[in-house]
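Colleague: Using the sequences and the accompanying hints, generate a full structural model.
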Amino acid sequence: MSKIGTLYGLGVGPGDPELITVKAFRLLQQSPVIAYPKKRMGSKSYAHQIAELYVQQSEKEMLGLVFPMTRDKEILEREWNKTVEIVWERLSEGKDVAFVTEGDPMFYSTFIHMMRVMHDEHPEVPVVTVPGVSSFLGAASRFNLPLADGDEQIGIIPATEDREAMRKALENHDTVVFLKVAKVLPMIISLLQEMGLADKAAVATKVTSSEEMVWTDMRELERAELGYLTLMVVKKG
372 MSKIGTLYGL
382 GVGPGDPELI
392 TVKAFRLLQQ
402 SPVIAYPKKR
412 MGSKSYAHQI
422 AELYVQQSEK
432 EMLGLVFPMT
442 RDKEILEREW
452 NKTVEIVWER
462 LSEGKDVAFV
472 TEGDPMFYST
482 FIHMMRVMHD
492 EHPEVPVVTV
502 PGVSSFLGAA
512 SRFNLPLADG
522 DEQIGIIPAT
532 EDREAMRKAL
542 ENHDTVVFLK
552 VAKVLPMIIS
562 LLQEMGLADK
572 AAVATKVTSS
582 EEMVWTDMRE
592 LERAELGYLT
602 LMVVKKG
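According to this note's numbering, the stretch in the sequence shown is residues 372 to 608, in order.
Derived from the structure by calculation, the hints contain no laboratory data.
Derived DSSO-like pairs: lysine-lysine, alpha-carbon spacing no greater than 30 angstroms straight-line:
| # | residue 1 | residue 2 |
| --- | --- | --- |
| 1 | Lys374 | Lys453 |
| 2 | Lys444 | Lys409 |
| 3 | Lys410 | Lys577 |
| 4 | Lys394 | Lys551 |
| 5 | Lys415 | Lys551 |
| 6 | Lys374 | Lys466 |
| 7 | Lys551 | Lys410 |
Modeller: Following this line, the structure appears as structure tokens:
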């Protein structure tokens, strides 16, 4: 049997193609297979777009992987196993596979589950991750906003409909980053107004990308319909 290839999880940043590390660039160049999350509707993810800029596609196998958007555990397990086997086919031939992901591969990333299932099914596969710039770091840079200084505490919170949990997050931290906030934005804005923090918040969608939009006035957002890749930073100090 040939030597097993290495599975690389490459963070390629939040959207700006220049926010990619030298190491991620090198591994994109070296790996014969570039795997990326493939959208069913045909549009390209940021990770796919960025990877294309840095490789000669004619010299690579560009491996688009579809990930199921469902909570059905049976469907999830079946589809994930299929996806991992597709990647394993290349690895078992001795080919390295670079899986590109937006942001960082170890921070709310599709790659986390890929790594877990691969370890369960094929524990002999070497896995290497390369950190990337996460969206909340891109937002801090865009806003020129220090997320934490000195002894300040920061919370990075997936936004949910649990108003009391969101309130406690705000009460217990000097800075809070609400991820994927679009789906509960009216409730979060209402909570900020109630707590006297509405003027302490800033919102970004698709931060650092060519489609970036930012808001610092929450009144402009009360009726806005924002996309999935939207976050809010609230800094109390």
